[in-house]
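Q: Residue numbers (our numbering), protein chains in the order written: chain A, 2 to 226; chain B, -5 to 805.
Don't read these hints as lab results, they were simulated from the structure.
Please read these numbers as outputs of a predicted model, since none were measured by experiment.
Keep in mind that a hint or two might mislead.
When the alpha-carbon atoms are kept at most 20 angstroms apart in a straight line, the in silico SDA-like pairs for lysine to any residue are as follows [claimed, not checked]: (1) B:Lys322 <-> A:Leu143; (2) B:Lys334 <-> A:Leu143; (3) B:Lys(-3) <-> A:Asn74; (4) B:Lys9 <-> A:Leu143; (5) B:Lys335 <-> A:Asn80; (6) B:Lys101 <-> B:Lys9; (7) B:Lys728 <-> B:Ser681; (8) A:Lys115 <-> B:Gly162; (9) B:Lys(-3) <-> A:Leu143.
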Amino acid sequence: MITIKDLEKYYSTDEVRTIALNKLSFSVNEGEFVAIMGPSGCGKSTLLNIIGMLDDCDGGSYEFKGHEVSNYNERKRANLRKHNIGFVFQSFNLIDELTVYENVELPLIYTGVKPAERKKRVEEVLEKMQIMHRRKHFPQQLSGGQQQRVAVARAVVNNPTLILADEPTGNLDSSNGNEVMDLLTELNEGGTTIIMVTHSEHDAKYSHRIIRMLDGQKVTENVLA
Amino acid sequence: MFKNYIKIAWRNLLKNKGFTAINIIGLSLGIGCFIVIMMFVSDELSYDKYHEKADRIYRINSDAIFGGTELSMAVSADPMGETLKNDYPEVEQYVRLYSSSGAKLIKKGSEYIEENRVTHADSTLFDVFTFKIILGNKKTALNEPNTVVISESAAIRYFGSAQDAIGGFLDTDDNTRTLYEVTAVMEDMPRNSHFRYDFFFSMDNVQYPFGSYLSHNFHTYVVLRPGTDYKAFNENFPEVIDKYILPQAAQFMQVSSMEEFEKAGNYLAYSLFPMTDIHLRSDRGVELDANGNIQYVYIFSAVALFILILACINFMNLTTARSSGRAKEVGIRKVLGSEKKSLIYQFLTESTLISIFALIIGLIFVKLTLGWFNDISGKEMVMDALLSTNFIVFLLLFPFIVGIFAGIYPAFFMSSFQPISVLKGKLGTGHKKNYLRNFLVIFQFTTSIILIVGTAVIYRQLNHIQKAELGFNKEQVLVVNNTGIPSETRGSLLEEIGQLTDVISASFAGFLPVSGSSRSDTVFSTETVITDTNSFNMQTWAVDYDYLENMGMEILEGGRFFSREFGSDSTAIVINETAAKLAGFDDPVGKNLYGMTQSGELTTFNIIGVVKNFNYQSLKQNVGALSFRLDNNSWVSAYRFNTDDVAGLVETIKEKYSAVAPGMPFNYSFMDESFDKMYRQEQRVGSVAVTFAILAIIIACLGLLGLATYIAEQRTKEIGVRKVLGASVSNIVKMLSKDFVKLVLIAFVIATPIAWWFMSKWLQNFAYRISLDWWIFAGVGFIALVVALFTLSFQAVRAAISNPVKSLRTE
């Protein structure tokens, strides 16, 4: 599904150039659950952003479902992204001014789903995430665990083939964290590919394969299952 | 999608109530001002457009230079209209208005009412102008002598209703007594007319030596046939002058051709002037009403636009300033697949929504303040004016225009946020240099400073005029019309009132150095044969023995005024300094001047004194030549008084008048008030300017307040760190204010020359004017700075005294 070859990324300020990704190569197959680990600053979030087409790379190639996307413009990337990729962030990133229902509905609006269909799908996914009773609440009225469940609901409502999770349990206590991990596992079992960045060895154990990074390079890669 | 935008916009507005309030209030003030001024401007522009033939109606203006005096008049000679119609087929019709006979007394029951809105008109009145007739036949209404067409309100005043008025008679004081039959009742004339009459009397009743081309006393309007170019038509006037006017003039002057006439330094020209331009572009002698001024229309339009821009800038500034609050949302939306384009639409929807609110509040604001604005501007505007098609279209489009104008920059700015950086909270802070924002603040303060300087100068100038050395004493003079008082008893009445303890002196005063008084301008020369080199135009005022002293005028030479003991005769005159100078007399007393009387005879006048120049016209003009002559002018009396109980004195005098002439209106005025009337337009402009200057600075300060709040918020962490390291409150306040102070100072530097240029141009309208002192500018700059600092200090102090532990924890 994803093939990355010699991927490079720099961050430059006026005087210093920092290498975030240094000729990184790996691939992910359809239906896989991959965890990316490594110390802070090793480039794992940068990698996730490039995979999620939120960021450009400075060198190398990135193939998504057979399309070379490294040279796509913003519009094409946005289009590819909204139909194929769901995001889960450490800090949930829900829109504070929208209710639970409206937050989850948002991706469907952007992909142009009809209102009746939207209602059906949002309710379905809220039901599945067991937050239907909270649908009229605003994010700040929910606990962290609930907020992350909403974020997951939002990530999957469009039935994406790929979910990118950036430390999804980072802001949660262990029981809420486990709940979120169970959700992700369940989605993966349903056929969704998942790439997750994490600091937690515990969370990484839910995956099929762990890629360990250091200084923008892949260090090891171990298959778990 | 759209619904989602509105929802988000609405919730955002509610979430940041403070910002929303500042934003919407600022914008509504701006929009409100803009609408009020637009109403004012469109009212000014609408004058006389309601006539069906409005674009084909022209007034005949006359311009003359004669005896060194330039005359530009709104009147022309009585045969002119008919001559044009007979000789030139392009002229479809003409009508003359004769208003020189002034007010009329009309009897109602046993009392007389003084009516000022009266004129005599030709029977062709309705062929030229469009007035809606309620009852009667407009074709024949003024065909006969002793007929009158009256307005509906006049009909109600005298007869109770239009129906009762038709066929009724008005009992007037014309030629002691004339009855006029009401032949038609028309709707009251619209306010936006350059003349407004309630009574159109038949021209046949005018006592006038008709047929003279040399006297200009008629307002003549012609209708040109469709397609006629009036400028081309004006080329015909020299022919008219040759054919009709010169032959008549030759009887009085030794000229036989236009060349000779012009060679002698004289000039005579007629021209057609479009009626719809009269209100704003005509300021001639003998206008029928005080006109507006196109200059003020331009100035106010510019001010309106500037205030609206100021308000929009606030919006831009505040919105971009607090964009960090929206950054996360932008990031998420982009992650979820939103394109930049749809984010731009979203923010534009939001700004449009805000401007719709602002428009509604602005309209409420207009409704609440319109009465007051009418008071200061002298208008009678109503909210209904907004229901015209033009305004409705304008009001519907307006929020979109404002919304897009004010929202376009924030929309592009915010929609270009990069999702990863904003989601990680890496968004640049307000501390970063934002040149555009600085530019906008400078623009706002520049505009405000210019407006305030303008206002200050206008006020000082008006004050200057009021305190100017006039050459006469306008204070505490009561002026009473001797209407209805038999002329033989006026003298004894004057004397009787003059003996009241509160009355210092009394005199007849048909001519007064304030507006609304009689004027008479004729040619005088130093020799018996009038040539261009020895003649000049001079006013002649008929006064009585006590006039000069009563008015507080100062005699310079001759040592005496007219005096009863010496029995000055009717050929003795007192002249002013300008007259002495124009005549070229170093020692004028005892010398002679020769003047033409109305009958065309040359009379010799002997100068018995010189009076110090006093201002008898607007202080916009220099003092012209003037002379006093002893004559009967007893239709107005002036009483100089000294009392605290002015109302009581007026009552006492009124009783004395009523005793002599029961049932007659008692019309009086105070001379200082009549004097102030001459500057009413400037005063109105002044008040309007003050209002808008204050609003401009309020809007600018609202913007500043919002920005300061934001900056303080952005720098919370920095402030916290600085406080931990030992910075005092005043250090912090200074730090936060410094940047803004710099901007205000830059604005001051830019505003000063612009304001100086505009105001020195305006001051050139006045012959007596203040100088533009440096301290006006310095003072205004100082005020702007103080107001800005005051606004800033609220936020700066709040930020500075906040607990650093708390501010650091937010990171």
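Q: For every hint, state whether the structure bears it out.
A: For each hint, the structure was consulted:
{"no.": "1", "hint": "B:Lys322 <-> A:Leu143", "result": "holds (18 angstroms)"}
{"no.": "2", "hint": "B:Lys334 <-> A:Leu143", "result": "violated (30 angstroms)"}
{"no.": "3", "hint": "B:Lys(-3) <-> A:Asn74", "result": "violated (28 angstroms)"}
{"no.": "4", "hint": "B:Lys9 <-> A:Leu143", "result": "holds (18 angstroms)"}
{"no.": "5", "hint": "B:Lys335 <-> A:Asn80", "result": "holds (13 angstroms)"}
{"no.": "6", "hint": "B:Lys101 <-> B:Lys9", "result": "violated (69 angstroms)"}
{"no.": "7", "hint": "B:Lys728 <-> B:Ser681", "result": "violated (36 angstroms)"}
{"no.": "8", "hint": "A:Lys115 <-> B:Gly162", "result": "violated (77 angstroms)"}
{"no.": "9", "hint": "B:Lys(-3) <-> A:Leu143", "result": "violated (24 angstroms)"}
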